[in-house]
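Chemist: Just so you know, the sequences run in chain order E and D. Counting with our numbering, you get residues 747 to 899 for the letters of the first sequence. Counting with our numbering, you get residues 42 to 149 for the letters of the second sequence.
You may find that some hints are simply not true.
[Unchecked claim] Examples of chain D residues toward chain E, derived with CB under 7 Å:
id, residue
1, Ala75
2, Tyr79
3, Phe83
[Said to hold, decoys possible] Covered, in the sense of this in silico footprint (three residues per stretch, anywhere, with C-beta under 8 Å from a C-beta of chain E), are these stretches of chain D:
id, segment
4, 54-66
5, 127-138
No wet-lab data here; the hints were simulated from the structure. Computed from a predicted model, the values in this text were never measured in an experiment. From the three backbone atoms N, C-alpha and C, an ideal C-beta is built for every residue, glycine too.
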Amino acid sequence: MATDAKPGWNWLLWAGFVLSVIAFLSYFAFFVEFPSTRNFPWANLLLFAIAAGLLAAGIRRAFRRPQSYRGKIFGPILAGLSTLILGFFVFAIFVAARHLPSSAAAPRVGARAPDFTLTDSDNRPVSLANLLTGPVGGAAPKGVMLVFYRGYW
Amino acid sequence: MRGIQHHLTDLEARGIRVAAISVDPPEASRNLRAKRGYTYTFLSDPDAAVITRYDLLHLKAGPSEQDVARPAEFLLDPGGTVRWVNLTESYWIRATPEQLLQATNALH
């Protein structure tokens, strides 16, 4: 009898939730490597949008056809968790990452860059003067790009 | 960092030397260079003395609250004068290789 049939597995809800987790993690594990997907995380926001669509469709059918699909309770729970993940992502990328020191006293255009001597990855001392005078491609360098980065990768 | 490696030939063809600076010890930089295939210079500033002198110190911002450098790029001419600066507003936003190449026009 049809009334005895158990509601089926609502895969849309789980797919939406799993995709939300992937949308979060893939930024740090993959998309951050490419300037076009790092500087603005459009790929991850797109994944979050697809996840939201899957969750919405899953919840919709859980409420409209509860005899066929489960998820009236855990559907909204998964949607809530996904919203939290999205919220944390937005906070991490658009809010927390902007808490940077002002660096008001950093060398400006026209200023002389402070000299230094540091150790390279082969434990050899390298000074700014070395960088400015050592040949690049067999000729005297026309410029030096100093790239400061956070480290701890 | 990877973007710079991908465009290193272009940068070097313009006579630009690239040097990356962080608080990472030389061994960590050696591992990073080997793992990612980076061939430009990596310099180690473990006590952040140079990072502090450049006013780029970001206190307790490392994974275990270590002091680190905030991301920044400086293009110097051969005399050591700064010709272009990029102080990003977010540490997820770095200068693109295209912007770095564009910046080298400031040298001419």
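Chemist: Next step is simple, just say for each hint if it's right about the structure.
Modeler: Hints versus structure:
At about 9 Å, the closest approach between the beta carbon of Ala75 of chain D and any beta carbon in chain E exceeds 7 Å, and the interface hint on this residue is violated. Restraint check, Tyr79 of chain D versus chain E: the minimum CB separation of about 9 Å is more than 7 Å; hint violated. Of the supplied interface hints, the one on Phe83 of chain D holds, with its beta-carbon coming within about 5 Å of a beta-carbon of chain E, less than 7 Å. Note: the segment 54-66 of chain D has 12 residues with beta-carbon separation from chain E under 8 Å; the three-residue rule is met and the coverage holds.
Counting residues of the segment 127-138 of chain D whose CB lies closer than 8 Å to any CB of chain E gives 10, so the stated coverage by that chain holds, three being the minimum.
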